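Participant: The primary structure of each chain is shown beneath.
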Amino acid sequence: MRDSWRKFVNVTMLSVTGLCTLLAASILFFILGYLAWKGGSLISWDFLTKLPKPVGETGGGMANAILGSAKLLLLASLVGVPIGFLGGLYLAEFGGKTFSFMVRYATDLLNGVPSIVMGVFAYTLIVLPMKHFSTFAGGIALGVMMIPIAVRSSEEFLRTVPKSLRDASLALGASKWKTIAFVVIPAALPGIMTGIMLDLARVAGETAPLLFTAFGNQFWSPGWMQPTASLPQMIFRYAISAYDDWHQQAWAAGLVLLMLVLATNIVARWVLRKRMRLMRA
Amino acid sequence: MSTHPITQKRAPGPGRARVFLRRLREGDQVAHLVTFIFASAILLLSVLLFYELYRNSHLSRERYGWQFFYMSTWDPVFENFGALPFVYGTLVTSALALLLAVPGGVGAAIFLAELAPRRVSDVMTFLIELLAAVPSVVYGLLGIFILVPLLRTQVQPLLKEHLGFLPFFQGPIYGVGLLAAGALLAIMVVPFIISISREVLLAVPQRQREAALALGATRWEMTMKVVLPYAKKGIFGSIFLALARALGETMAVTMVIGNTPQINASLFAPGYSVAAVIANEFTEATSDLYISALIELGLVLFLLTILVNAVARLLILATGQGEARA
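Sequence lines, in order, name chains A and B.
Each step along the first sequence adds one to the number in the working numbering, with nothing skipped, and position 281 is 281.
Each step along the second sequence adds one to the number in the working numbering, with nothing skipped, and position 109 is 109.
Chain A extracted, bound-state conformation (with noise of 0.2 Å):
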């Protein structure tokens, strides 16, 4: 009798965790099928290559929006990438012990830095020295936000290359600089290229850095001193909105994003898994 009570309750209770676990795993598809149904049918030539129109017209498109995105992801790979791979770089081959704790320890807590405050951060730093918005601050706010995962995947790549390599480098009379330029990071690149792909998949979602340092934008915006429209930040701006036409193309927007984002994190994590598996071997 207990014991038929207790095997009652095994089974129920790890019936539950499993209905937990695919609760989970379909919001995924839920969203995906949503915003597909929602905003398929709106995606079109049109809308990758068209600026907005003003309300009440219909069609219209995205181009400066998407232009906007590009630019800012560019910047912020320029702030973000060179700064997190050669930290990485320092905390892999030179670091001591010290001040190699007080880096990752920066690292970990620009990585904990709500969005919204790395926003503040790049206005007071940026946008109040210059009295306006930019693509420049933007493209900044982006960029500190990536140091954190780069610096990681750097020096995690860095390390799991095998000491074997280093040594017939070095045995070979190689200094300790071309050992690294060129056995090391050649043998690390494909991992921290990924894990680079990663941190801009991350940071082009993000919205709320770029709402007063890139601000947004109706129009193309000229140069890099100009604010910026970009996709995340027309999607808050659209799904605001009492318009109707503009929900919709908030929904086509949000779908866009939403497939590139996933399908960088598809490609890098299948790319990572491979590689871990080749490192592991």
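These aren't lab readings, by the way, just hints derived from the structure by calculation.
None of these values were measured; they are calculated from a predicted model.
Hints may contain errors.
Quick list of the computed label-pair ranges, beta carbon to beta carbon [as the list claims (entries may be wrong)]:
1. Leu213/B x Ser41/A: 50 to 56 Å
2. Ala181/A x Arg18/B: 23 to 29 Å
3. Gly65/B x Met130/A: 30 to 36 Å
We put the beta carbon where it would ideally sit given N, CA and C, even for glycine.
Position chain B relative to chain A; hints supplied.
Facilitator: Here is chain B on its own, set in the frame of chain A:
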């Protein structure tokens, strides 16, 4: 080229300089120096981040001091800035998110670590981790157009009817509000809880499980009485990590919380969060004091998430050390 190490030791002054110069020429010192500069830049940036927030919030800090945290009026027109409604909104929505997300999240982690075959577990975990990559503005979009109408037409009337005697489920129904923000946050943090809890559970030694099963425990009893106590700290760590996420989450919350600076016991009432008020009002802030108050809110959020993240990391590091011996 080949200076013997012993000769260097004999003549420390010029010898050391010569070695340094040689290594400089060979590039080792240069490489060291360059990477060191970039590593320092990271350190500098995190210090600068704090400094900028601190410096730019001085107007508000000097004017209000600690009063900032227990003043509940936020009135930009008469320049009264109290942070209490926002702190309240942030804490309530985050707590609600954890309340909703933790049972299901830990449950799913148990399934993935204890029950599912490795291959199935890996695929499921992959799908769930992809959820963590979905941009928060997309969650916000779904929140506005799916979650809020669902709450308004289905869930909230039901709650009001059956649990309306509780102060949490009273008052007019808007859809947007603390409940919507908490529920949306729960969906957003669940992937973090699942993937980290699963890792922690997988790190529990197999022998512990075998011992419990050998004593006649069912799988569920084994999980509850042996595996979970062993992994307790790590799971709390994952919860704190989720909490840090929830505290700082901006866009999704801004889109569904209702953006009204008020303190109301009812979860149906619209509220406001620290991150949301910064997002909404920063570009509209006209006076220096207004901006300064918003930056101080940013500073508060910064310090709060640092604290919570630090606790999370300590807890996750502590799993597997000492628990086994007790």
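Participant: Which of the numbered hints above does this structure break?
Facilitator: Of the numbered hints given earlier, the structure breaks none, since each of them holds.
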